[in-house]
Amino acid sequence: MNDLSIDDRFYLLLHKKIMNKTGSAKRRTKKYYKDQYRKTGIIPRPLLLVEKGVMEGRKCSGRPRCLDKAVRMRFIDMVKASCDPLSRDFIFITRKARTIKNYHYWLEQEFGKAISLQALRRYTGNENLKAYLEKPDSEEGIPVKHTFKKEPVFALIQIDGCRFRYIKIRNETGKWQAPQVIETFDTGSRYMFDLEACFEETSMNAVDLFTRFLTGIQFPLITICIRPDNAKGFLNLKRVINALNIAHSTPGGFFMKSDFARPHSPKDKAHLESSHRSLHNFEIRIIKAFEDRIVKTVPTTIFNQGKKETITVTFLDITLHDLKSSPLIQEYRDVHNRNKHYFNENGRVDSWIPEQKMTQFLSEQSCALTFSPGQVQDYMKYGFKKIKATVSKKRTIRHANQDYYVTIGADLFNRHKSTSVKISRFRDKLYIFEPGEAGVLLGEALSCKPFEGSPNTPDIHVPPDELTKISHFLEQHSMIIDRPSLIELYHRGIDLKQAKTIYMQNQHRYEAYMKKMRQPLQQKGKALFNAFALDCHRSMHSGQVAPYAYHGDVK
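For the record, in the sequence shown the residue sitting at position 538 is 538 according to this note's numbering, with numbers rising by one throughout.
The reader is advised that the hints may include incorrect statements.
Subject to a maximum C-alpha distance of 30 Å in a straight line, what follows is the list of computed DSS-like cross-link-like pairs (lysine-lysine) [claimed, not checked]: (1) Lys96 x Lys149; (2) Lys238 x Lys288; (3) Lys388 x Lys422; (4) Lys168 x Lys267; (5) Lys449 x Lys526; (6) Lys386 x Lys238; (7) Lys168 x Lys307; (8) Lys417 x Lys69; (9) Lys21 x Lys324; (10) Lys232 x Lys175; (11) Lys113 x Lys417; (12) Lys385 x Lys340.
Derived DEER-like restraints, expressed as beta-carbon distance ranges [stated by the list, open to error]: (13) Asp84 x Gly436: 24 to 32 Å; (14) Phe315 x Ile76: 46 to 54 Å; (15) Glu466 x His399: 16 to 24 Å; (16) Cys66 x Arg509: 53 to 61 Å; (17) Tyr342 x Asp8: 45 to 53 Å; (18) Ala368 x Asn344: 25 to 33 Å; (19) Leu117 x Thr319: 52 to 60 Å.
Think of the hints as simulated: they come from the structure by calculation, not from any bench.
Note that the Cβ used here is the ideal one computed from N, Cα and C, for glycine as well.
Make a model of the complete structure from these sequences and hints.
Have a look at this one:
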């Protein structure tokens, strides 16, 4: 982005700022920033924050919310009571008259102060109050739709899981459990991008599947709606999608829109639910392929469309790794994509081969966007469990009886007031996220103490950051690191290149110290790091470190 002209940079940042807004809010925001840029010739500060992933300046600045708690609670009570004829908390209002302006007027009269109308509109969307505002006065005359809507290719991508009915295999603890597969599916062509076997729809599984989806195909430069199921494991994808748009969305080009299915609404992903029926037939092929591993069969009762049925569940002495290593799942995906299917859209039956339709669409695109594994590997940080936390004004986090120091993104947090965030723990690090459901990664924090491994720690590769590389380099040279001191040096500008240069310049002196000291190795390591820290402070006060060539035994 630094290579762009100031005009191009402004319009790109403006697009990223308003890409998730609609209607009047989008038009007003666009006009405001264009007027500011036209008057001053300088890119406004809120747009510069977009480069760092900060989309909501108010939340990161520590400013209070526009609506206080009393106003918010009273507004919710008014809206819910006004659509219920039997409620005595507020008058009943017919659907056509349930407007935000009416509630805005009553709230200002009741609280005796000015209240932001736009804040009320935003709060209505955030709290899903639109269903109450549009609730009909009676339940009669509501139209019912009975047909699939036709979608263009790549306009809507659906993601959902399907648990096996007729099979149980052994899980990590050796107990019996029914596996499931997560399917990524293009609605317009019915092309199946991926089919992944797992035991649970966890956040980590969802993020891993999504990153494979990004690296597995070319993306047209259009708006792509992605509709995962509303299960808890998939909701974390809102953060990943938002981060993806901040990094790669352009005006009039690529943009991925979150369009999650509503809770308990299988009709929102009816195309995918329909394809799940053939997956249950596929289970029988798995049983046949592993017939020599059958342990037993057990009758089981299920409910299908409200009707009680008895089926037979087959217990196979295989693991999830055995199932994923077999060619069965890939064969099923290939058969689906390379054979003709009949589909009903808008009441009309048509047939096509999904792979041919997808290939034809991609060949017609003049430009396409591709993602390399290096571009998406950081998204794995979004897959861990998140909890609420607070970044203090000293840029520290207290979690699990340990202090963590913010090492990356410290400039994004308020120096005068603590900031509410969400955090994920991985080994001795905390990943810091915006608190909203679509909040992106803001930074990282490092524990004061080194990580002590536990059997529950997931074995996931996350690329090391600059501070971790410095720490590993010093530990390789027999230093016992004091992490708070190292973090302070890092914040003051010591990077990996400078650390290696300082060590190289003083290497012979360090070796002499180690030979002269008559102390245990741990004490020697601490003293060696203290000497290194003093040399770093001297180099910062004396000016920039000269980039000498490294000594042969420094790696």
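Now for the hints, and whether the structure bears them out:
no.: 1; hint: Lys96 x Lys149; result: 28 Å, holds
no.: 2; hint: Lys238 x Lys288; result: 39 Å, violated
no.: 3; hint: Lys388 x Lys422; result: 5 Å, holds
no.: 4; hint: Lys168 x Lys267; result: 28 Å, holds
no.: 5; hint: Lys449 x Lys526; result: 14 Å, holds
no.: 6; hint: Lys386 x Lys238; result: 13 Å, holds
no.: 7; hint: Lys168 x Lys307; result: 23 Å, holds
no.: 8; hint: Lys417 x Lys69; result: 20 Å, holds
no.: 9; hint: Lys21 x Lys324; result: 41 Å, violated
no.: 10; hint: Lys232 x Lys175; result: 24 Å, holds
no.: 11; hint: Lys113 x Lys417; result: 27 Å, holds
no.: 12; hint: Lys385 x Lys340; result: 41 Å, violated
no.: 13; hint: Asp84 x Gly436: 24 to 32 Å; result: 30 Å, holds
no.: 14; hint: Phe315 x Ile76: 46 to 54 Å; result: 50 Å, holds
no.: 15; hint: Glu466 x His399: 16 to 24 Å; result: 22 Å, holds
no.: 16; hint: Cys66 x Arg509: 53 to 61 Å; result: 59 Å, holds
no.: 17; hint: Tyr342 x Asp8: 45 to 53 Å; result: 48 Å, holds
no.: 18; hint: Ala368 x Asn344: 25 to 33 Å; result: 30 Å, holds
no.: 19; hint: Leu117 x Thr319: 52 to 60 Å; result: 58 Å, holds
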